[in-house]
Amino acid sequence: MAQKIIIDTDPGQDDAVAILLALASPELEVLGIVAVAGNVPLALTEVNARKIVELAGRADVPVFAGCDRPLARALVTAEHVHGKTGLDGIELPAPRLPLQARHGVDFIVETLRREAPGTVTLVPIGPLTNIAEAFRRAPDIITRVERIVLMGGAYFEVGNITPAAEFNIFVDPEAASEVFASGVPLVVMPLDVTHKALTDRDWIEAMRALPGRSGPAVAGWTDFFERFDTAKYGSLGAPLHDPCTIAWLLEPGLFQGREINVEIETKGRWTTGMTVADWWRVSGRAPNALFLKDVDRDGLFDLIRDRIARLP
1392 MAQKIIIDTD PGQDDAVAIL LALASPELEV LGIVAVAGNV PLALTEVNAR KIVELAGRAD
1452 VPVFAGCDRP LARALVTAEH VHGKTGLDGI ELPAPRLPLQ ARHGVDFIVE TLRREAPGTV
1512 TLVPIGPLTN IAEAFRRAPD IITRVERIVL MGGAYFEVGN ITPAAEFNIF VDPEAASEVF
1572 ASGVPLVVMP LDVTHKALTD RDWIEAMRAL PGRSGPAVAG WTDFFERFDT AKYGSLGAPL
1632 HDPCTIAWLL EPGLFQGREI NVEIETKGRW TTGMTVADWW RVSGRAPNAL FLKDVDRDGL
1692 FDLIRDRIAR LP
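Heads up: the sequence shown begins at 1392 in this note's numbering, then just goes up one per residue.
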């Protein structure tokens, strides 16, 4: 049976690739996609999510709008990376797929109450605001979640929005702190993994050569956002952060890490949003996350290419 997932997202070019990978994979049943404010404001992320679903030819997948701001802070966005729309790099038509009327947090709560306990995985690839808000509104759903597979945090690679913090965690550290303390099994894709998942020109051109719309769209998005990462890090390509979550669900053997304790800094003068990852297990605190560190880069990119080749 296909694994049931809910994708929580702030698209974002790499979010878009993650969504396409999920929608192209029959092992996964995407119950819905919930937008959150993050890379760009909610008014753009929900539109972007609908555009991506239509691009994949999957109008059967509902899209919901969730929270438009963090739990306790002003919204920080990343147009400097993703462009003013969040999906700069190609032009997609305005979506015809309607936005669902229900609030995205209500959808998460209702879905987890409806489905059998332990059968739904949450895949947040943006700030964790919607997940934390759902847990606040309905604590009974926490034990019903199979696991959370998220993109966020850093340890060896330190921060990408501040010296200490990765963007998704920094935007809403209070939400992240609540999710990491929830007791739900966590699988964490930090920058330590995703900075090893670098595109290269051969792969981008192979995506551009795929038939249909989706492969060339991925190439166009990558052309746009790799300019930022190559300038910032001096790397030859751009990291595909968010697709690592979906790839782990499909082929966990591509990744290596360890079970450790991770706490979220919410009050640090210089370190707010830091994932305090006890990699060396010196704190004595019980592990609460599978924190991944390494990836088979070639296997990952082969998987993404082969699956997206199946889309229109």
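Among the clues, some could well be false.
Beta-carbon label-pair distances, calculated as ranges [what the hints assert, rightly or not]:
1) Ser-1674 / Glu-1470: 23 to 31 angstroms
2) Asp-1531 / Pro-1602: 43 to 51 angstroms
3) Arg-1672 / Arg-1527: 27 to 35 angstroms
4) Ala-1677 / Arg-1487: 47 to 55 angstroms
5) Ala-1492 / Ser-1674: 22 to 30 angstroms
6) Arg-1672 / Arg-1592: 34 to 42 angstroms
7) Arg-1493 / Thr-1662: 35 to 43 angstroms
Hints are computed from structural coordinates only; laboratory data are not their basis. Every residue, glycine too, gets a C-beta built ideally from N, C-alpha and C.
Outcome for the supplied range 22 to 30 angstroms, where the beta carbon pair is Ala-1492 and Ser-1674: The hint (22 to 30 angstroms, Cβ to Cβ) is violated, given that Ala-1492 and Ser-1674 are roughly 45 angstroms apart.
Is 23 to 31 angstroms a correct range for the gap between the Cβ atoms of Ser-1674 and Glu-1470? violated (37 angstroms)
Look at the Cβ atoms of Arg-1493 and Thr-1662 and judge whether their distance stays inside 35 to 43 angstroms. holds (37 angstroms)
Would you say the C-beta atoms of Asp-1531 and Pro-1602 sit inside 43 to 51 angstroms of each other? Taking Cβ atoms as reference, Asp-1531 and Pro-1602 lie about 46 angstroms apart, which means the hint holds.
Can the suggested window of 27 to 35 angstroms be confirmed for the beta-carbon pair Arg-1672 and Arg-1527? holds (30 angstroms)
Does the hinted range 47 to 55 angstroms hold for Ala-1677 and Arg-1487 at CB? holds (48 angstroms)
Between Arg-1672 and Arg-1592, does the C-beta distance stay in 34 to 42 angstroms? For Arg-1592 against Arg-1672, whose Cβ atoms are near 40 angstroms apart, the range 34 to 42 angstroms holds.
Hints 1 and 5, counting from the list given before, are not met by this structure.
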